[in-house]
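Peer 1: The lines below spell out each chain.
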Amino acid sequence: MRLTPDEVVIVQWGVLHLNATIAFTWLVMAVVVGAARLVTLRVTSTDTPSRWQNLLEVLVAGMRNQIRQVSQQDPGRYLPFIGTLFLFIAISNVLAVVPGFIPPTGSLSTTAALALCVLVAVPLYGIVDRGVLGYLRTYVQPTFLMLPFNILGEITRTVALAVRLYGNVMSGTILAAILISIIPFFLPVLMQLLGLLTGLIQAYIFAVLAMVYIAAATRARTREPEDTANATDSNAHQ
Amino acid sequence: MDNIGLIGAVSIVTAGLTIAIGSLGPAFGEARTAAQALASIAQQPDESNTITRTLFVSLAMIESTAIYCFVVSMILIFTNPIWDRVLAIAAK
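So the sequences go chain by chain: A and B. Residue numbers for the first sequence follow my numbering, so the first one is 1 and each next one is one higher. Residue numbers for the second sequence follow my numbering, so the first one is 1001 and each next one is one higher.
One chain only, chain A, in its complex shape (with noise of 0.2 Å):
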């Protein structure tokens, strides 16, 4: 029983392992870029675009949509980092249903390295927006005790981060060949179309993850001065 693709050694050059992690990286990358490019070839801002198109500008409007909606913000500059996770992290997912493709996904080095640019990204846009006294401030921001949590929130989120898409993807892969030893053809079949859902889920839940940890850190800032404003207008919402 493996738990990782990663001890899945495709070719070996010397010292240099090419394992299956790697290899299915490239080629979900592959996929992505070469699918984007094809279509994009194309584009036309005509009446009648063609389907492929047609079905790009849905994901990409659906997906400035959610980031408006979580981050309350303009999403243009959220777009490319929580895009690329959600897509990478989908199409991965969901090529699982092929035979004979391992997710890269089910490896922890894969989910590590991705939570890893959550990690980095969170000071970069929050640095960015507020300056680096203004963010460093937001670490001792209730009173200075509260400083080691912080610090220990950060890197516990980063590891939640990681390992709740590693072992979904994970149980996932390994139930299937528990269950192919015990019903065959039947069940696994149905843990296959569960799969797909989940892994579906789950690429949305690390993007909105990652898109509200990137929100927690630059949104304070806009709304501090008009807090107040801010809140009786939403009662007046309500």
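I should point out that these hints are in silico values taken from the structure, not numbers from a laboratory. Since the structure is predicted, the reported quantities are computational estimates derived from the model, not experimental observations. Hints may contain errors.
Stated by the list, open to error - These stretches of chain B come out as covered by chain A in the derived footprint (C-beta under 8 Å, 3 or more residues):
no.	region
1	1045 to 1058
2	1067 to 1074
To be verified - Pulled a few chain B residues facing chain A out of the computed Cβ check, cut under 10 Å:
no.	residue
3	MET1061
4	GLU1063
5	SER1064
6	PHE1078
7	THR1079
C-beta atoms are modelled at their ideal positions from N, C-alpha and C, and glycine is treated no differently.
With chain A fixed as given, assemble chain B onto it according to the hints.
Peer 2: Structure of chain B alone, referenced to chain A:
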């Protein structure tokens, strides 16, 4: 019972206990969340979009405790580090 058998037995029993107890809590939590979300949607159908999105995110966060337990029990059964160490010592 020798060391290897003892470690194997303890690992398997612990893995079972981990996933049993670890899935109990999140199950209760998710049930409460779903019930509350359904009640909220019934009260305010207009807000169902926001409620559903928050529901999914919170379900995933609640479920991650169960996933941690699952990962720990899988490690205990399939890639137990202590087991490997005892085997390495025994091979010497």
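Peer 1: Hint by hint, say whether it matches the structure.
Peer 2: The hints, checked one at a time:
no. : hint         : in the structure
1   : 1045 to 1058 : holds (count 4)
2   : 1067 to 1074 : holds (count 5)
3   : MET1061      : holds (8 Å)
4   : GLU1063      : holds (8 Å)
5   : SER1064      : holds (4 Å)
6   : PHE1078      : holds (5 Å)
7   : THR1079      : holds (6 Å)
When held up to the earlier numbered hints, the structure conflicts with none and fits them all.
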